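This is what each chain is made of:
There are 2 protein chains.
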Amino acid sequence: MRHFVEELDYLRSRLLEMSALVEDSVYRSVLSLSQKDPQQAQKVLQNEAEINRMEIEIDDQAVRLLALQQPMATDLRLLTAAIKINNDLERMGDLAVNIVERALSLIYQPPVKPLIDIPQMAKLVESMVRRSLDSFVKRDAELSRAVLLSDDAVDELRDAIYRELIAFMERDSRTVSRAIDLIFVARNLERIADHATNIAEDVLYLVQGVDVRHHAEARGSIT
Amino acid sequence: MRHFVEELDYLRSRLLEMSALVEDSVYRSVLSLSQKDPQQAQKVLQNEAEINRMEIEIDDQAVRLLALQQPMATDLRLLTAAIKINNDLERMGDLAVNIVERALSLIYQPPVKPLIDIPQMAKLVESMVRRSLDSFVKRDAELSRAVLLSDDAVDELRDAIYRELIAFMERDSRTVSRAIDLIFVARNLERIADHATNIAEDVLYLVQGVDVRHHAEARGSIT
Numbered sequence: 001m002r003h004f005v006e007e008l009d010y011l012r013s014r015l016l017e018m019s020a021l022v023e024d025s026v027y028r029s030v031l032s033l034s035q036k037d038p039q040q041a042q043k044v045l046q047n048e049a050e051i052n053r054m055e056i057e058i059d060d061q062a063v064r065l066l067a068l069q070q071p072m073a074t075d076l077r078l079l080t081a082a083i084k085i086n087n088d089l090e091r092m093g094d095l096a097v098n099i100v101e102r103a104l105s106l107i108y109q110p111p112v113k114p115l116i117d118i119p120q121m122a123k124l125v126e127s128m129v130r131r132s133l134d135s136f137v138k139r140d141a142e143l144s145r146a147v148l149l150s151d152d153a154v155d156e157l158r159d160a161i162y163r164e165l166i167a168f169m170e171r172d173s174r175t176v177s178r179a180i181d182l183i184f185v186a187r188n189l190e191r192i193a194d195h196a197t198n199i200a201e202d203v204l205y206l207v208q209g210v211d212v213r214h215h216a217e218a219r220g221s222i223t
Numbered sequence: 001m002r003h004f005v006e007e008l009d010y011l012r013s014r015l016l017e018m019s020a021l022v023e024d025s026v027y028r029s030v031l032s033l034s035q036k037d038p039q040q041a042q043k044v045l046q047n048e049a050e051i052n053r054m055e056i057e058i059d060d061q062a063v064r065l066l067a068l069q070q071p072m073a074t075d076l077r078l079l080t081a082a083i084k085i086n087n088d089l090e091r092m093g094d095l096a097v098n099i100v101e102r103a104l105s106l107i108y109q110p111p112v113k114p115l116i117d118i119p120q121m122a123k124l125v126e127s128m129v130r131r132s133l134d135s136f137v138k139r140d141a142e143l144s145r146a147v148l149l150s151d152d153a154v155d156e157l158r159d160a161i162y163r164e165l166i167a168f169m170e171r172d173s174r175t176v177s178r179a180i181d182l183i184f185v186a187r188n189l190e191r192i193a194d195h196a197t198n199i200a201e202d203v204l205y206l207v208q209g210v211d212v213r214h215h216a217e218a219r220g221s222i223t
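So the protein lines, in turn, are chains A and B.
Taking my numbering, the leading residue of the first sequence gets 1, the next gets one more, and so forth.
Taking my numbering, the leading residue of the second sequence gets 1, the next gets one more, and so forth.
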């Protein structure tokens, strides 16, 4: 068996690989929609299968390290954070699949409107996924805080998208079903951002011992 | 410090209390909508604050037990399951708050339609929350499987609700904004059911060592 420190490094690098797959899935899920390309959707489904395999492997490894190594306080906190982050990443993979399901329904219908804001929202969400994992691997509290700030921007984008789509539906009832699909795409992107936020909060707790869960006022630069 | 077995019992009983609060929140969130009663909504917000406090307390206790007691395989699996279940319950509390936000917007508007199917869906979801935790405390695999079956029924109810609401919107554009609020209520109920399903899957893994995550075919009686 490898040395404990190496095992922890391996765990971190696997989580980073998993986050790269999630980021790729977010990108391709919205690309499948904007380019009307079912092959991108197919790739997201393949990613999800791989993400699911990784989740089980990482979870097993983290629990095994807990059991065999009886780690001290700091490493223990790292392992429990890894278990939670692993779970968040796996959920993000599922959410990208939800987007793809909507995309596959929309691909074969005329567009409600040109897609500009949803790809923009997706880009921001991808960067939150990447930065939340970077902040974990580098133990970078500043980067975690930046992720928390981006979450507010995502919520604003989502509100704007909802408002616009509701106006479309009210104006032309033939758009209702397609506009609802787009609302769910935005909703799933927002939920992916929420998971990235969870990760950033876990990292802040890990690095600074500050518990920012449920305490927005304790987020420091966030007001 | 109490004996380890007592500590585990205490952890289980706290999770059970937390699930009772979640169940109460699901019930009241839909009641606030069907009875147009903002006081029920208020109670859900109070529950959420208490649920959040309990989550942090239970998480700290579970991690402390992991650290101090260096538990063997079975107890270790129990503790990691407790950490995940705790997290699922906390998310359910948030989702009930999401429902309340929609309810508070709908209370002051004329109803789109009589509410029958959403309260029915809520009732099923409440029972899933209760049974998933019961299956954890009693280590009852049969009960866990019953929760997985109920999740399919919840998905069918959600589809029926969506179809009906989309028809309303297409027929009368003045209902769009309210119907979307109701769609999100159903969506949040479905997500609460998904978390109960996660818990049931964790219990199956705990009790039988069968990993049913991502493997519907391994769920036994589920096809």
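In case anyone wonders, no lab produced these hints; they're calculated from the structure.
Just to be clear, a hint being listed does not mean it is correct.
Pairs involving identical chains hold if they fit within one copy or between any two copies, as the list cannot separate such chains.
The calculated SDA-like cross-link candidates involving lysine to any residue, where the alpha carbons are at most 25 Å apart (straight line), are [unchecked claim]: (1) K84 to R130; (2) K113 to F184; (3) K84 to D94; (4) K84 to L8; (5) K43 to S127; (6) K113 to K123; (7) K84 to E57; (8) K113 to Y162; (9) K36 to Q208; (10) K113 to E50; (11) K138 to Q42; (12) K84 to A167; (13) K36 to R53; (14) K113 to F4; (15) K123 to E6; (16) K43 to M54; (17) K43 to P114; (18) K36 to Q70; (19) K84 to S34.
Note that the structure is predicted; figures quoted are calculated from it, not measured.
Alpha-carbon proximity context of K138 and Q42, limit 25 Å = For K138 and Q42, neither the intra-copy (33 Å) nor the inter-copy (41 Å) Cα distance is at most 25 Å.
Within a copy, between copies, both or neither: where do K84 and L8 come within 25 Å Cα-Cα?
-> both (15 Å within a copy, 21 Å between copies)
For the identical chains here, do K43 and S127 meet the 25 Å Cα criterion within one copy, between copies, both, or neither?
-> Only inside one copy: K43 and S127 sit 20 Å apart there, 37 Å across copies, limit 25 Å.
Are the CA atoms of K84 and D94 at most 25 Å apart within a copy, between copies, both, or neither?
-> both (16 Å within a copy, 17 Å between copies)
Within, between, both or neither: K36, Q208 at alpha-carbon 25 Å = Neither, since 45 Å and 44 Å both go past 25 Å.
Go through the copies and call it for K113 and F184: within, between, both or neither, with a Cα cutoff of 25 Å.
-> both (15 Å within a copy, 22 Å between copies)
Measure nothing new, just compare the shortest in-copy and cross-copy C-alpha distances for K123 and E6 to 25 Å and report within, between, both or neither.
-> neither (33 Å within a copy, 49 Å between copies)
First find the shortest C-alpha distance between K43 and P114 inside one copy, then the shortest across copies, and answer within, between, both or neither for a cut-off of 25 Å.
-> Close inside one copy (24 Å), not across copies (43 Å); limit 25 Å.
Give the relationship of K113 and Y162 under a CA distance limit of 25 Å: within one copy only, between copies only, both, or neither.
-> both (13 Å within a copy, 22 Å between copies)
Same-copy or cross-copy closeness of K84 to S34 [CA-CA at most 25 Å] | neither (32 Å within a copy, 36 Å between copies)
Intra- versus inter-copy proximity for F4 and K113 (alpha-carbon distance at most 25 Å) = So K113 and F4 fail the 25 Å test inside a copy (54 Å) and across (60 Å) alike.
Intra- versus inter-subunit Cα pairing at 25 Å for K113 with K123 = Answer is within; shortest intra-copy Cα gap is 19 Å, inter-copy 38 Å.
Violated hints for the displayed structure, listed by number in ascending order: 9, 10, 11, 12, 13, 14, 15, 18 and 19.
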